[in-house]
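Trainee: Start counting the sequence shown at 1; every next residue gets the next number (full-length UniProt numbering).
Check the hints yourself; a few may be wrong.
Straight-line C-alpha distance at most 27 Å; calculated DSSO-like pairs for lysine-lysine [stated by the list, open to error]:
#1 Lys147 to Lys115
#2 Lys115 to Lys474
#3 Lys76 to Lys115
#4 Lys76 to Lys474
#5 Lys147 to Lys76
#6 Lys692 to Lys365
#7 Lys474 to Lys516
Just the calculated beta-carbon pair ranges, DEER-fashion [what the hints assert, rightly or not]:
#8 Ile496 to Gly81: 39 to 49 Å
#9 Lys365 to Arg14: 44 to 54 Å
#10 Pro399 to Ala177: 14 to 24 Å
#11 Arg79 to Thr463: 37 to 47 Å
#12 Lys147 to Gly81: 24 to 34 Å
#13 Thr463 to Ala177: 50 to 60 Å
Just so you know, the hints here were simulated from the structure itself, not pulled from any lab data.
Idealized CB from N, CA, C, for every residue including glycine.
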Amino acid sequence: MATLLYRLGRASLRHRRLVGVAWLVVLVGLGVAAATLKGPTASNFTMPGTESQRAIDLLADRFPAASGATGTIAVKAPRAGQLMSPGGQGVVRQVTQEAASLPGVVGAVDPYQVKALTPDGRYALIQVQFSGRADDVTDEQRAAYEKVGAQAEAQGWQIAPGGEVLNSEPEVGSTEALGVLVAAIVLVVTFGSLVAAGMTMLNALIGVGVGMAGLFALSGAVELTSTAPILALMLGLAVGIDYSLFITSRHRQNLLDGLSPEEAVGRAVGTAGSAVVFAGATVVIALAGLAVVDIPFLTVMGLAAAGTVTVAVLVAITLAPALLGFAGRRVLPRRLRGREAVESAATGSEDRSGFGFRWAHWVTKLRIPVILVGLLGLGLLALPAQDMRLALPDAGNAPAGSAARVSNDLIREGFGPGFTGRLAVVVTADSPQATQAALPQVTALIQRTDGVLAVAPPQLDPTGRTALLGVIPKTGPTDEATETLVHDIRRQVAGIDQADVLLTGVTAIGIDVSEKLSDALPVYLLLVVGLSILLLMLVFRSILVPVKAALGFLLTVAATFGITVAVFQQGHLADLVGLDTPGPLISFLPILLIGILFGLAMDYEVFLVSRMREDFVHGDTARQATINGMGHGARVVTAAALIMISVFSGFIFLDDPVIKSMGFALAIGVAIDAFVVRMTIVPAVMSLLNTKAWWLPRWLDRVVPNVDIEGEGLRTHLADSEPARV
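All chains should be modelled from the sequences, with the hints used to inform the complete structure.
Mentor: Written as structure tokens, this is what we have:
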């Protein structure tokens, strides 16, 4: 592979204009396709095979009027008892009629008819039924809904439209640009050259542009969740900058060794590019592997992010060499661009006084204490993870001041938390008589279930075969007691024979999604750990190195989960990330985090340990090879980690709590894995294992193919010819 990439790098530099034009054509073409073919993103989560999803599908077929999105308008009178006065009733009925006349609304329920009033006569709830799903509601319809009751508010009433209809996709703003700016500063400091930093950033931005344009071009044919494009953007930016950084760094070193630009870029792509291809492949495989969980929205998210990472790899091994050809020797700091400086650098002895070498000497000398402190520290950080709870976010977790949050808080204030997470029971049979016969029994069973506050009268479809019962729990949507209640209701009604009884609603769907994801988590973790061992065994031709890498990955994941739970669920230091309401973690965060961190952890493992293996194979002692690997790789890996942390941190300050938690967890995970695990514990363990780290049984050595990620075959290929010098 190294020889093939070497030739690709040289060809890309020689034909740099053609390569640059080709990528620009691709970018513009996909940009036009995205503008014309872009479809809407989805904010709902479907889960085929679950009871709640079967109920939704049944309603869409037999009771379409009740299968659309719902809205709830909370009304608060200026003073207690005013809802019972003739004037107060007039105000509420006017708001109800106004809501019923909105475009896309099937009808609005008069709270006086269904007694949706508080005993003190101050709060009321108006249920609004839309014809389509929440994702089908247009921005114009949503804006009109949010303005309902403006006249009543002018009279001192509080009118707060809310409900699932207000679900909207998170917006990307200036905070991400701040993360990119920090990444640019890190590049400038690392390279000491504005040209090298700017070229690396340009390379990454073109890759992200191509990846995102392609993703949006496909969105017209494939339903994307609202978080999928942001995850793809987050990962595409981070790995795009990192991969270009690794190749540019190796190219600069080759120039300083006296190689011509073409030879330097060829060897950079052949060696560092091999590591980039392998690292990118691990990220893509881990993300695409989310498909084995068999959850459609998660599969789409994984494939979307995998697509942008694939583009980042292709851009790094083709466009980066082309841009390096345009930049010439300007990728070097000004003081090193002259012939004399290059010759001095090429003939002089290697500087081993840098921080990477000093850190490696210290870590390998104190390896036992370093390992013990590292394990103890990460273990303590992981402790909160044992209390982790998963759920889909509800309006109670929405940003303070948003329409959805204001409505939710008003409903809780007047009616209690259960009214913000209503459940829906679907009763259906082959005949109206069977349905009518089952309804009293179903209602009685639900009413005597612990945790039920009230059961609303049934609504029947036009044929009378399907009925919909509203159930109000005593607790909120993400409360553990509500999860218990859902299971209790399903057990209570399981014995009814004359009709099918299914429990659904936004709250029940969230519980079903979270449980299916929790069940899939151990399987996916086992798949990822097993994959990491096999891949690293292939690369490093060792058994203990892959096992050590997998155990380090598990430490990273556990500590990341612990810190994320402590901040986002338990509320410790929540103000620092702009989180006003702690709560359960988004249900797909752990499994998504495992997939992404696995790929990124393997990045750093490959870039550091491949140099250790390279020096060990060429005659250094195991300890010296470890020091050399750290000394040569620490600066670049530090810069790469800081760039990833900066990019991910830019998403922490978005208002959307889902994106906020994803950005935080990824930033913390990268920091722990790069600085604690890969740059501290790994060299300490490698030093402790000594030569045993590179042991591989002979029979396995014959079976495992040689992928030559260190470029040994390339060096053999070049040994007979003297490389061109400056």
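Trainee: Take the hints in turn and mark each one as holding or not.
Mentor: Hints, one by one, checked against the model:
no.: 1; hint: Lys147 to Lys115; result: 24 Å, holds
no.: 2; hint: Lys115 to Lys474; result: 18 Å, holds
no.: 3; hint: Lys76 to Lys115; result: 15 Å, holds
no.: 4; hint: Lys76 to Lys474; result: 21 Å, holds
no.: 5; hint: Lys147 to Lys76; result: 16 Å, holds
no.: 6; hint: Lys692 to Lys365; result: 18 Å, holds
no.: 7; hint: Lys474 to Lys516; result: 25 Å, holds
no.: 8; hint: Ile496 to Gly81: 39 to 49 Å; result: 42 Å, holds
no.: 9; hint: Lys365 to Arg14: 44 to 54 Å; result: 47 Å, holds
no.: 10; hint: Pro399 to Ala177: 14 to 24 Å; result: 20 Å, holds
no.: 11; hint: Arg79 to Thr463: 37 to 47 Å; result: 46 Å, holds
no.: 12; hint: Lys147 to Gly81: 24 to 34 Å; result: 28 Å, holds
no.: 13; hint: Thr463 to Ala177: 50 to 60 Å; result: 55 Å, holds
The structure fails none of the hints (numbered hints given earlier).
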